[in-house]
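J.: If you read the sequences in order, they're chains A and B.
Per the working numbering, the first sequence starts with residue 24, numbered consecutively.
Per the working numbering, the second sequence starts with residue 24, numbered consecutively.
Don't take every hint at face value.
Stated by the list, open to error - Within a straight-line C-alpha distance of at most 30 Å, the following computed DSS-like cross-link-like pairs (lysine-lysine) qualify: (1) LYS197/B to LYS144/B; (2) LYS197/B to LYS197/A; (3) LYS103/A to LYS144/B; (4) LYS144/A to LYS103/B; (5) LYS197/A to LYS103/A; (6) LYS103/B to LYS197/B; (7) LYS197/B to LYS144/A.
These are computed hints drawn from the structure, not numbers from a lab.
Number of protein chains: 2
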Amino acid sequence: MREAILDAAIDVLGRNPGASLAEVAARAGVGRASLHRHFPARDDLVAAVIRRCMDETDAATAAAVQDAGSARETLLRVLKAVIPLGDRYHFLASLSSTDAEVRARYEADLEWLAGLVDSLKKESVIAPEAPRFWAAANIDAQIWIAWTEVAAGRLAAADAADLALHTLLEGLGKR
Amino acid sequence: MREAILDAAIDVLGRNPGASLAEVAARAGVGRASLHRHFPARDDLVAAVIRRCMDETDAATAAAVQDAGSARETLLRVLKAVIPLGDRYHFLASLSSTDAEVRARYEADLEWLAGLVDSLKKESVIAPEAPRFWAAANIDAQIWIAWTEVAAGRLAAADAADLALHTLLEGLGKR
DNA sequence: CTCGTATGATACATATCTGTCTCATTAAAG
DNA sequence: CTTTAATGAGACAGATATGTATCATACGAG
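When you get a sec, could you build the whole thing from the sequences and use the hints?
T.: Structure below.
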């Protein structure tokens, strides 16, 4: 029940952040009153979805990092783990949350990504002259693009992470 | 007057697509009634902003393409011309328009970009094995990232296009 | 200066969304 | 089978945004 509502909210609010709760309830196959029983106010629902999205990406990345040897392998594992969660990204990007906890976690995630960039530089995978935030933004962008292309059916899910990693490190130019 | 309202709408609705027309009018320094005189309904305003954004990007790219020798030079000029229009991108991305004309123009722009990718492949700038839409999506992403970093003050505007082009073609990896 | 037009402020009716409440029904636990 | 809790449907009031209408004022053209 709770889960069905949260899934529906990711889908509906991800496409249109201004959608009504009636739409979310309908998508979840649930009465509007029941939605309010689980999430008294709209903000409660939004906060719960944000928290759930972040929990899932954190868990996915944590599992991916487990006994990964190099930073490059870590990056590839993270891409493989996170690209399928692209709809979560879409949802988070579509909102501008003012919640303090949410903002703090977002900052922490960004800092973790920047730390990964540092490691990649230390291991000579990423060029040292690449700006830190530029690199982090590019990783994010590759995740976004890969998910979009997979969702559109133009790219096989199995190929997505490798293509993203290759593009990120070597670009699209002809050798 | 009209222009001031459209500028305000790009700013306000770009940040928050659900913002009220009162906010747009206030940002424009205009009475709410005057806004309705120029744009009878909300949809009229939104459609006008979309059309204006597309006109500006089309004009910018058309000027950039003027007597550009190679496809690579065309790409660089387009990046230089379009990155400063990032707020227009932000606005367009924040909306999901159902207007037929708007959708048709969007498809046309996308096809133009894909055609540029084809030219880049013919000139051996982009590797032939790079998927067409993947490449186009990456060009879009570089524009987005570059504008974001410039807007955040982390990147000099003069460096943005070159960095974007370099990242697009050669990636972030160490040579 | 005078007239006409555009603007801002305000009031108003309408529509939509939100959150609460009630009630009948259903499903599960005892 | 009985009881209890959860659900769906619907009614309801309040809040907010929208679109229209009115009126006084300021600004510019003639």
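J.: Now, for every hint given, state plainly whether the structure supports it.
T.: Right, here's what the structure says about each hint:
1. LYS197/B to LYS144/B: 24 Å, holds
2. LYS197/B to LYS197/A: 16 Å, holds
3. LYS103/A to LYS144/B: 28 Å, holds
4. LYS144/A to LYS103/B: 28 Å, holds
5. LYS197/A to LYS103/A: Status holds; Cα separation ~25 Å.
6. LYS103/B to LYS197/B: Between LYS103/B and LYS197/B the Cα gap is close to 25 Å, so the pair holds against 30 Å.
7. LYS197/B to LYS144/A: 8 Å, holds
Consistency note: the structure conflicts with none of the earlier hints.
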